[in-house]
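There are 2 protein chains.
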Amino acid sequence: MDELIEAIAAKQNPSVVGLDPKPGIVPAEVISALADEVLHEVEGEEALPTLLATAYFEFNRAIIDAVADFVPAVKPQIAMYEALGSAGMDTYAMTCEYAKSRGLIVIGDAKRGDIGSTAGQYAAHLSGFANLSAYFEGENATGNSLPQSIKNLLKSSKNLDVWHEDSLTVNPYMGSDGVKPFIDEAVSHNKSIFVLLRTSNPSSKELQELILQDGKPVYEHMADLIENWGASNIGKHGYSKVGAVVGATHPEEGKRLRELMPHTFFLVPGYGAQGGTAQDVAGMFDANAEGAIVNSSRGIIGAWRKSEDYAKNQGNMSLDNILDIVRESASAAAKNMRDDLRHAVYR
Amino acid sequence: MDELIEAIAAKQNPSVVGLDPKPGIVPAEVISALADEVLHEVEGEEALPTLLATAYFEFNRAIIDAVADFVPAVKPQIAMYEALGSAGMDTYAMTCEYAKSRGLIVIGDAKRGDIGSTAGQYAAHLSGFANLSAYFEGENATGNSLPQSIKNLLKSSKNLDVWHEDSLTVNPYMGSDGVKPFIDEAVSHNKSIFVLLRTSNPSSKELQELILQDGKPVYEHMADLIENWGASNIGKHGYSKVGAVVGATHPEEGKRLRELMPHTFFLVPGYGAQGGTAQDVAGMFDANAEGAIVNSSRGIIGAWRKSEDYAKNQGNMSLDNILDIVRESASAAAKNMRDDLRHAVYR
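Read top to bottom, the protein sequences are chains A and B.
Under my numbering, think of the first position of the first sequence as 18, with each following residue one higher.
Under my numbering, think of the first position of the second sequence as 18, with each following residue one higher.
One thing to keep in mind: the hints can contain errors.
[What the hints assert, rightly or not] List time: in silico SDA-like cross-link candidates among lysine to any residue, alpha-carbon distance up to 25 Å:
#: 1; chain 1: B; residue 1: LYS253; chain 2: B; residue 2: ALA27
#: 2; chain 1: B; residue 1: LYS222; chain 2: A; residue 2: ASP231
#: 3; chain 1: A; residue 1: LYS222; chain 2: B; residue 2: ALA248
#: 4; chain 1: B; residue 1: LYS222; chain 2: A; residue 2: GLN230
#: 5; chain 1: A; residue 1: LYS329; chain 2: A; residue 2: ASP303
#: 6; chain 1: A; residue 1: LYS172; chain 2: B; residue 2: GLU75
#: 7; chain 1: B; residue 1: LYS117; chain 2: B; residue 2: GLY61
#: 8; chain 1: A; residue 1: LYS117; chain 2: B; residue 2: GLY61
#: 9; chain 1: B; residue 1: LYS233; chain 2: A; residue 2: LYS172
#: 10; chain 1: A; residue 1: LYS172; chain 2: B; residue 2: GLU63
#: 11; chain 1: B; residue 1: LYS233; chain 2: A; residue 2: ASP241
If you're looking for bench data, these hints aren't it; they were derived computationally from the structure.
Here the structure is a predicted model, which means the values were calculated and not measured.
Okay, chain A solo, but in the shape it has when bound (with noise of 0.2 Å):
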């Protein structure tokens, strides 16, 4: 978590931009000007996916080129990707890898969860080939019977990143032995993950908010499973490899558990179109004005459909043209979401 931090302090800008495209969000002018190109290499099934992929991937190019100056931090949300099969889970991979070459720190919205094996496997997302090469070494059977052509790959590749992610949100339901590998994987790549543990959707309440039989709501006793997961991996500012997402839609909550939980750093989801403002907020952070990053999706990369240019050019633009408008309105969109958190936040 040093990392987030500390880009977090370089830029004094404590927010992260939601890539979540999807059609409508993602401008139609984009897909029709890649039409023409993808259509002539890819046909039958792949065309529709690989063609939104591919506007996808440079809509994600442009947001990334807009704020990477001045933002910290990128969360793909990969459910839109995987809404597209496997062309979609490739522009998932580009966009984070491209992301990570303009300097942002990616944190993956994947919300996996699973229990210990399979959890391992998830936390591929973290570790990359290095778990899966364990598999073949040692006195293990599998990798001695091997060739050496693919012993020498194996080697080759044991340092191969899968998916580019420096961080992963982390699905808590099936306690800590589905938590505990993606914990393993970050400390030994000395990467992040970030637990759900209030969220900011109406009926998070349901499960989240159950009073138990000490008097405590579920998602407290959630806050010391997840403070506990992190006591033995704080870093130097403070904060633990293990954060919690909280949403900015309870900021009562969200200060009560910034209490309870002084070595967690939290990913707060809500901010804007969702409802929450940065008055919500503040309460998340600590007393140096550290400890918490809040994240905003549409209001940033669908800041172009409130722009006067696209009004008055719609119809009548080329990809340059429609990306330069994306670019402009996320830019000055993520601009106003940093200087709100920073009268907020920073006082």
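We have chain A already, so just place chain B on it with the hints.
For chain B alone, coordinates are given in the frame of chain A:
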């Protein structure tokens, strides 16, 4: 859920085979045998992921061929494929498609979950491109500004499947607005979901067994929610499209949940390698010996490791030889499981 119930009845076999490949479960001989061909075509960073993804598919095809005649369903665990990147995701989709072509019902074990509009994108697992096409239709500006060629493509792609599952496992941590989008698509496309309720792993108790102020454990409260989610979509055999995951490692709780949830079909992991027996799961079936399907993964797909033929021929096998051993061992193990369950359940 009707199709699953009918397939179980037709084969008199309430079991599902988990397709969870990984190195060690997929014989090194399969990987070796495919190396020349794959590495001749693919170089660099793609080489190892492509080789493993190819080996996983050949392995899965052998398992599917071995069990298709007497097993009603398979359950690929998507984490195993996701660990390989998008090459692995291709293998996941191809595996689901191949299993369907062999008449099997495919339960995608993805444990996905997110809030509202994001869950709607994950629900493409059930809807294919139908839900994306909706963005381009009607009064929506996105669609109206597209050229005719793309409109035609959208039209012809409307029924495009993405991952080729019949059913999907879903995580309920975020409450009903994280689950409803999956239910909507299940209802629209005659598919089903299984919501995590009482998972088979030891630490599932950390959240699922917490006692609420009314004296009930969290999982019983979740059971009420899940039974309710299915109330409006009950099929002709009395079970809804919203099933639940209940581990074989909790026989007493499973029996009680069977009583509490008369319209909820159970997917039961934890048989075999995780310690659950046919006797343990018998109470999760209803009075007609319906209402549940029991999963085994390692016990079936890893059965070749205990084969005498394998021990005898190790180090000297063609691809056909090793796949024959995989098929024969999986078939025998799956028949044992079927007979074991028949004996305990069909009394």
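### Numbers of the earlier hints that this structure fails to satisfy, in rising order
5, 7 and 9
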